[in-house]
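One letter stands for each residue in the lines below.
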Amino acid sequence: MRKAKRSAKGSKGQMRVIEAIMASLIVISAITFLYIFAAAPSSHTYETGELEKIGHNVLHDIDEQRLLARYVYNSDWANFTAALIVSVPTDVYFNLTIYDINNNPINHPLIQYGSSQVFTTSKAVASVTYIVPGYQTNYNPRILVLQLVRG
Amino acid sequence: MKVFRERKGQFIVIAALLLSIMIVSVSMVIYGTVTYFRQERWEEYLTIVDSVKTGSFHLLEMSLSKYSQTQTLNQTILRDNLNQWVRDVRKAYPGFGVDLSYSLETGAHLAYGMTPNYNMGLNRTWDKNPSYSTANTTFSINIASVGLTGYNFSAHAFLKMNIADALWHVGQGQSGWVGVRVIIEAEGPTPVTNLRTANFVLFQVGGVNQTFTLYRYYESQGHPVKQNPTPPALNAFVYELRYSASSKPDFVNVIITVKDSRGVQVRGAVNNLAVIDY
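Chains L and R supply the protein sequences, listed in that same order. Each residue of the first sequence is one higher than the last, beginning at 1 in our numbering. Each residue of the second sequence is one higher than the last, beginning at 1 in our numbering.
Here chain L stands alone, though its shape is the one from the complex (with noise of 0.2 Å):
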C-alpha cells in the first residue's frame, strides 16, 4: 500500500518538472520567436533620413543667406561648391545637379565633392529635391537636386 502510494507520488513530481519544462519551453519559444522576427529595419531608411535632414539644412542655410539664388543663376560655381563644402560634415560626400522645370538639365561644370565611385559604391545615397523660384526679379525657377552619401 505505502510503495503504491510512494510510486504515485513520484509520477507525480516527474509530471511536474515535465509540466515546467515544458511551461518554460513555450515561454522560450515565444521570445525566441520574437527576437528572430523582430529584426530592426535596415540602416538604410536611417541613413539616408539623416542624410536628408543634413542636404536640406545645408541648401536652405545657404537660400537664407541670400546667396543660393545669386550662385544658380550667376553660374558662380566655384563659389557654390565651395559653399556646399565647408557646409557639409567632412565624411559626407555629394553631388549637385541643377534642372529647369522641365527636368532639362543646365549646363554647369561638375558640382561635387568625392570621387564618383563613392555615390556607385554607396549602399545608402539620399536625394533632396530644393526649388528655386528665381532671382531678382524675373520668375525663372529651378530645381537642385542634391545627392549626399557617407564616405
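Just so you know, nobody snuck in bad clues.
Beyond 12 Å from chain L on every Cβ pair, some chain R residues (computed):
{"no.": "1", "residue": "Ser140"}
{"no.": "2", "residue": "Gly188"}
{"no.": "3", "residue": "Arg216"}
{"no.": "4", "residue": "Ile276"}
Residues from chain R shown here face chain L by an in silico Cβ test under 10 Å; the list is partial:
{"no.": "5", "residue": "Ile12"}
{"no.": "6", "residue": "Ser20"}
{"no.": "7", "residue": "Ile23"}
{"no.": "8", "residue": "Leu46"}
{"no.": "9", "residue": "Thr47"}
{"no.": "10", "residue": "Val52"}
{"no.": "11", "residue": "Ser56"}
{"no.": "12", "residue": "Leu59"}
{"no.": "13", "residue": "Ser63"}
{"no.": "14", "residue": "Gln69"}
{"no.": "15", "residue": "Asp80"}
{"no.": "16", "residue": "Gln84"}
Taking lysine-lysine pairs in the BS3-like style, the calculated list, with each CA pair at most 30 Å apart, reads:
{"no.": "17", "chain 1": "R", "residue 1": "Lys53", "chain 2": "R", "residue 2": "Lys259"}
{"no.": "18", "chain 1": "R", "residue 1": "Lys91", "chain 2": "L", "residue 2": "Lys53"}
{"no.": "19", "chain 1": "L", "residue 1": "Lys123", "chain 2": "L", "residue 2": "Lys53"}
{"no.": "20", "chain 1": "R", "residue 1": "Lys53", "chain 2": "L", "residue 2": "Lys53"}
{"no.": "21", "chain 1": "R", "residue 1": "Lys91", "chain 2": "L", "residue 2": "Lys123"}
{"no.": "22", "chain 1": "R", "residue 1": "Lys53", "chain 2": "R", "residue 2": "Lys91"}
{"no.": "23", "chain 1": "R", "residue 1": "Lys128", "chain 2": "R", "residue 2": "Lys248"}
{"no.": "24", "chain 1": "R", "residue 1": "Lys128", "chain 2": "R", "residue 2": "Lys259"}
It should be emphasised that the hints constitute simulated quantities derived from the structure, not laboratory data. Glycine included, C-beta positions come from ideal geometry on N, C-alpha and C.
Got chain L; can you put chain R on it based on the hints?
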C-alpha cells in the same frame, strides 16, 4: 481531490501558453508603433514643405521687387507669378501630390504700424512720410501622398522709409553740410542696416539731384545742441545723406528712393523739412 491535483499541473502549462501569447502580441504592437514612425519618410515630406515655404517667401519678395521697380503699376504681377509657381511646384515634386494654393490680401489691414490698402496682395504708398511698399499672401499646402492637408502660412514683404529730420553741420564761413536722416525698416519690423550709397537710387533736394556722402549709425543720444524744444532721440538705426550747401537753408524739400538687398524699392518725399543746427 485527486482530479483537482492533476489539473494543477496543466494550469502551469496553460498559464505559460497565455503568457507567451501576451508577450508576442504586446511586443508586436510596440514594434509596429515604433517602426511606423521611423520607417515613414517624414523627413522627405518636411523638406518639401520647407522648400515650398521658403520658395513662396522669395517669390513674394521677387514680385514686390518687380512691382516697386516699375514706373507703371502692374497690379497683377504677384497673382501671375503665384499661378505659375503653383503649377511649377507640382511639377518639381512629381508623385507626392503637392498642392499649393494661395489667397491674396485685399483691402485695408494693419501691418507694422501702417494700414496699407492691398490690391491683389500688393500696395505701395509712396511720396509720403513714411512711405512703404508691401505684399501679403496666405498660402496653404496639401501633400496627398501622406494625407497632409491645410498646412497654412502667411508671407509678408515690407519696406518702409521714414524721413526723420535734417541737420545742419557748420563748415567754413557760411557753408556747411545738410544731413537728411532716414530710418528704414523691413517686415517685423526690423531695422535695415546693410544699405550702401548705391542703394539710395535717388536723392533730390528741391527737385535737383544731389551727390551725397552716406553715414549710418544708431542714434540714441538725442540732439547735441539743446534747443527749446530739444528734439527727442530717434532711438533707431539711421542713414544720414549728407550734402554740401553754401549756406544753411531753413527748410528743404526732399525726395529719396531706396532699394534694399532684395530689390524692393520705396520712394519717400517730404516738403518743408526743417533744418536744425547740429
